[in-house]
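S.K.: In case you want the letters, here they are:
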Amino acid sequence: MQKRVMTGNEAIARGFWEAGGMVAASYPGSPTVELMEALFEYDDIYSEFSVNEKVALEVAIGASFYGARAMASMKHVGINIAMDPLMTFTQIKTNGGFLLMVGDDAGMSSSQNEQDSRVLAQFANMFVLNPGNSQEAKDYTKLGLALSEEYNTPAMLLMASRACHSRSIVELEDRVEVPAKGFSYDDGRYTMLPPFTIKAQQAMKDRIARLEEYAYGAEINHLEEVDDKEVLLIAPGMIYDNLKELDLKVSIYKPGMVFPISIKKMEELSKKYKRIIVIEELMPIIENQLKLAGIPCEGKEIFSFTGELLTEDIFNGLLKAGVVQGDKMPGRENPVVPRPPMFCAGCPHRPVFDVLKKAKVTVIGDIGCYTLSVLPDIAGSHTSLSMGATVGITKGMAKAKRLSGDDSPTVSVIGDGTFFHSGMTGFLNLLHNVDEEDNMTFLILNNSATSMTGGQANASSGLYNNVDDIQVHIEELLKVMGHDKVQLVDQFDYKSLKEAIAKATKEKGINIIITTRPCALKYKIKEPNFYVDPEICIACRTCVKTNCPPIHMKKYEGIDKEKSSIDPDMCVGCSVCSQVCPVGAIKRREEK
Amino acid sequence: MSKNILIMGVGGQGLVLATEIVANAAMLAGLQVKTNDVIGLSQRGGMVWGSIRYGEVVHSANVPIGKGDVLLGMEPLEALRGSRLLKEGATIILNTEEVYPSPVIQEQAQYPREEIAALKDKFKVIEVNAKEEAKAAGNIKTANTVQLGILAAVLDDIKKETFLEAVVSFVPEKAVEANKKAFERGYQIGKGK
Chain A
62 MQKRVMTGNE AIARGFWEAG GMVAASYPGS PTVELMEALF EYDDIYSEFS VNEKVALEVA
122 IGASFYGARA MASMKHVGIN IAMDPLMTFT QIKTNGGFLL MVGDDAGMSS SQNEQDSRVL
182 AQFANMFVLN PGNSQEAKDY TKLGLALSEE YNTPAMLLMA SRACHSRSIV ELEDRVEVPA
242 KGFSYDDGRY TMLPPFTIKA QQAMKDRIAR LEEYAYGAEI NHLEEVDDKE VLLIAPGMIY
302 DNLKELDLKV SIYKPGMVFP ISIKKMEELS KKYKRIIVIE ELMPIIENQL KLAGIPCEGK
362 EIFSFTGELL TEDIFNGLLK AGVVQGDKMP GRENPVVPRP PMFCAGCPHR PVFDVLKKAK
422 VTVIGDIGCY TLSVLPDIAG SHTSLSMGAT VGITKGMAKA KRLSGDDSPT VSVIGDGTFF
482 HSGMTGFLNL LHNVDEEDNM TFLILNNSAT SMTGGQANAS SGLYNNVDDI QVHIEELLKV
542 MGHDKVQLVD QFDYKSLKEA IAKATKEKGI NIIITTRPCA LKYKIKEPNF YVDPEICIAC
602 RTCVKTNCPP IHMKKYEGID KEKSSIDPDM CVGCSVCSQV CPVGAIKRRE EK
Chain B
16 MSKNILIMGV GGQGLVLATE IVANAAMLAG LQVKTNDVIG LSQRGGMVWG SIRYGEVVHS
76 ANVPIGKGDV LLGMEPLEAL RGSRLLKEGA TIILNTEEVY PSPVIQEQAQ YPREEIAALK
136 DKFKVIEVNA KEEAKAAGNI KTANTVQLGI LAAVLDDIKK ETFLEAVVSF VPEKAVEANK
196 KAFERGYQIG KGK
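Protein chains in written order, with the numbering used here: chain A, 62 to 653; chain B, 16 to 208.
Worth flagging that the hints you see were computed from the coordinates, not collected in a lab.
Treat the numbers as computed from the prediction; the structure is a model and nothing was measured.
A hint or two may mislead.
Below, in silico cross-link-like pairs of lysine-lysine (DSBU-like), each with a Cα-Cα straight-line distance of 35 Å or less [unchecked claim]: (1) Lys585(A) <-> Lys195(B); (2) Lys389(A) <-> Lys150(B); (3) Lys616(A) <-> Lys195(B); (4) Lys587(A) <-> Lys208(B); (5) Lys606(A) <-> Lys82(B).
Anything over 12 Å on all C-beta distances counts as not near chain A; from chain B, calculated [as the list claims (entries may be wrong)]: (6) Val31; (7) Glu90; (8) Asp136; (9) Glu142.
Facing chain A, according to a computed beta carbon distance under 7 Å, are these residues of chain B, among others [said to hold, decoys possible]: (10) Gly29; (11) Ala44; (12) Leu46; (13) Lys49; (14) Arg59; (15) Met62; (16) Glu71; (17) His74; (18) Leu134; (19) Val140; (20) Phe185.
Glycine included, every Cβ here is placed at the ideal spot set by N, Cα and C.
Looking at chain A on its own, in the form it has when it is part of the complex:
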């Protein structure tokens, strides 16, 4: 059989293709981005990055309604956006197999929180499969779709962040075509309001009960036993592999399905073993299923409710529980100078936050690369919450300021991707109860791409290249809505940007500034680079404070004081440093 090294994301894409999947939709969010990018390579499947997670879920639901196998994928916080259709969709007897793939992020390597998606699956009455490596990711994708059809229920495929990005060897199989069954609406199946929904409540409950029966003998719920019946460890997903690393002589139950857990199976095991210890990241989902059924077990009193459970965390927990002996294992804390992320060389966000920092105004941030501006070395924005939140928050704060006699401006920043995702509706809401005395300035940082996740296209990307299809002009859209103070600014003209922001924040009403430079990572700047003339440089560090990767202080021969310098290999020639320099010490080279 042909084998390939694949990431978890790639393996799910492969599994969906092999399973005869037809339609898939997603919104880019780490750690799930590469799943959809891998799916784009399969011609038999219609796949898209939708405008947000709710729409992505609905696109996939439409295909499932028609009886086609469908998948929606998103990061954990994406489900929050999609929760409204999801909660009612799960009431419906699923037609075409439906998989909701979710990437959780225990440890928050690239997220704002670490909510446990299993809670939402329980809430929505969906079963949850939890693969730990790429082969399992592919197998469970196929199994999830098959079970979805057999039990008429959507399935959740839950992946840890590391499992999404981790590579391992996968055996490849052929695609099996699964024709769509078509849409038949005569039984009230898709009409979710009473009286139909009353029956649906019971159906959901019965479905989970039947899935629990399935879980009893399911192969994916794997038990490996040793003679010693002192303790049984329950270890799902990647935690199983981290545990196996310890090479303990201990019995392990690895549930491939983490909700529902077979209580019958657990009762049997409970009689056999003196202790059951559940090792799970984040919330005590498996532990609580057992405890609710009156099965004694341990879990969260031993293992942390936050962060990942790596091999050393598992060992230290088991040490605490008296299951293993020895010294506590050290953690992965590292004393070496940290390397926090920063804006790229040539990033169009740099001048914006340099101006905002110096303007000393309240800046309500949002989600995107520009969220990095909350970090201390940039310190250009002061809040970060959720996608699109800046618009509503800015309005609420401005209203509260007015009622408190505070006439200071409130500035909002939002990217183009986030604007289309969920910021647009906020801009519409600004037009309700307009008060000309409110002082709000909105900076829309239109860089033509959804950059933080790797430069995916969004609704204005088509204006910048001939690959992407949607070509929405944000300024025209806002004007059509009814906003009249909308202006475009080239932020690499630092002085114009500074003046535009100064004017807008002084002026009352709703001022909107749209910046025009595209993402430096996706649309590379190839201008002659800059250098510092150390004889002119006064070592004021104004350029250094823009926090640009190639700029740092350096000792020059024959000059006492350290002066600024620019690494010529890293500088792309955006010119921002030369414009903030008060003495003209930064000059452009003739040619690169």
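Using the hints, position chain B against chain A.
M.R.: Only chain B this time, still in chain A's reference frame:
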């Protein structure tokens, strides 16, 4: 027993692809393999790391603390950071080109040159200026292939030809010759020639 390899670097250095290439070399050698890497936020000039473990059986994709056999440090400070996971006497391939992190740029921290130099006391360090070597091999874009060539020389359980096959399968056709040259140059450095 698995072989534990770490690759440490800075966002944008092509570390994820390097991890993928080594994983493929291990698979072509008929071994089990797992990798892990952290991307996402780190793409914006932050630290990036990858771990590769291969052997007859591999459980976790993470290199356990103190069990690393070889570290490919694409940047010195990141090599220092990763060295904590190495076993004593492990090999470090150290690309000497420094990339300053934000705290150093902002003069809140020193770039730890002395600690990096002291890595030689505990580990076998193979220093290389990958960019210069790539230039000498004829194509500056092959700096990572030079480093992979060194890695291939250090690893004794994957044949040179197998490793090269994996490298070649990931480069565009017109760059194959340049990468073969760069790989060979790295291999010779790794063998101490």
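S.K.: Each hint needs a verdict: does it hold in this structure or not?
M.R.: Okay, the hints, checked on the actual structure:
Distance check on the hinted pair: lysine 585(A) and lysine 195(B) sit about 28 Å apart at the alpha-carbon level, within 35 Å; holds. Proposed proximity of lysine 389(A) and lysine 150(B) is contradicted: the alpha carbons are some 48 Å apart, above 35 Å. As the CA atoms of lysine 616(A) and lysine 195(B) are separated by approximately 39 Å, the hinted pair breaks the 35 Å bound. The hinted pair formed by lysine 587(A) and lysine 208(B) fails the criterion: a straight-line CA distance of about 38 Å is larger than 35 Å.
With a C-alpha separation of about 40 Å, the suggested pair lysine 606(A) and lysine 82(B) falls outside the 35 Å cut-off, and the hint is violated. Listed as outside the interface, valine 31(B) is inconsistent with that label: its C-beta sits roughly 8 Å from the nearest C-beta of chain A, within the 12 Å cut-off. With a least beta-carbon separation of about 9 Å from chain A, glutamate 90(B) fails to lie farther than 12 Å from that chain, contradicting its non-interface assignment. Residue-level check passed: aspartate 136(B) sits 17 Å from the nearest beta carbon of chain A, beyond 12 Å.
Once the 12 Å rule is applied to beta carbons, glutamate 142(B) is consistent with being away from chain A; the minimum gap is 19 Å. For glycine 29(B), the shortest C-beta to C-beta distance to chain A is roughly 14 Å, which exceeds 7 Å, and the interface hint is violated. Interface restraint check for alanine 44(B): the shortest CB-CB distance to chain A comes to about 12 Å, outside 7 Å, so the restraint is violated. This hint is violated: leucine 46(B) has a C-beta 9 Å from the nearest C-beta of chain A, more than the 7 Å allowed.
A hinted interface residue such as lysine 49(B) counts as satisfied when its beta carbon comes closer than 7 Å to some beta carbon of chain A; here the least separation is about 5 Å, so the hint holds. At a threshold of 7 Å, the smallest CB-CB gap from arginine 59(B) to chain A is about 4 Å, leaving the interface hint in force. With a least beta-carbon distance of about 4 Å to chain A, the hint placing methionine 62(B) at the interface is held under the 7 Å criterion. The interface hint given for glutamate 71(B) is broken, as the beta carbon of that residue sits about 13 Å from the closest beta carbon of chain A, more than 7 Å.
About 4 Å separates the beta-carbon of histidine 74(B) from the nearest beta-carbon of chain A, less than 7 Å, and the hint is met. Of the supplied interface hints, the one on leucine 134(B) is violated, with its beta-carbon coming no nearer than about 12 Å to a beta-carbon of chain A, more than 7 Å. Checking valine 140(B) against chain A: minimum C-beta separation of about 16 Å lies over 7 Å; hint violated. Of the supplied interface hints, the one on phenylalanine 185(B) is violated, with its beta-carbon coming no nearer than about 11 Å to a beta-carbon of chain A, more than 7 Å.
Of the hints listed earlier, those the structure fails to meet are numbers 2, 3, 4, 5, 6, 7, 10, 11, 12, 16, 18, 19 and 20, in rising order.
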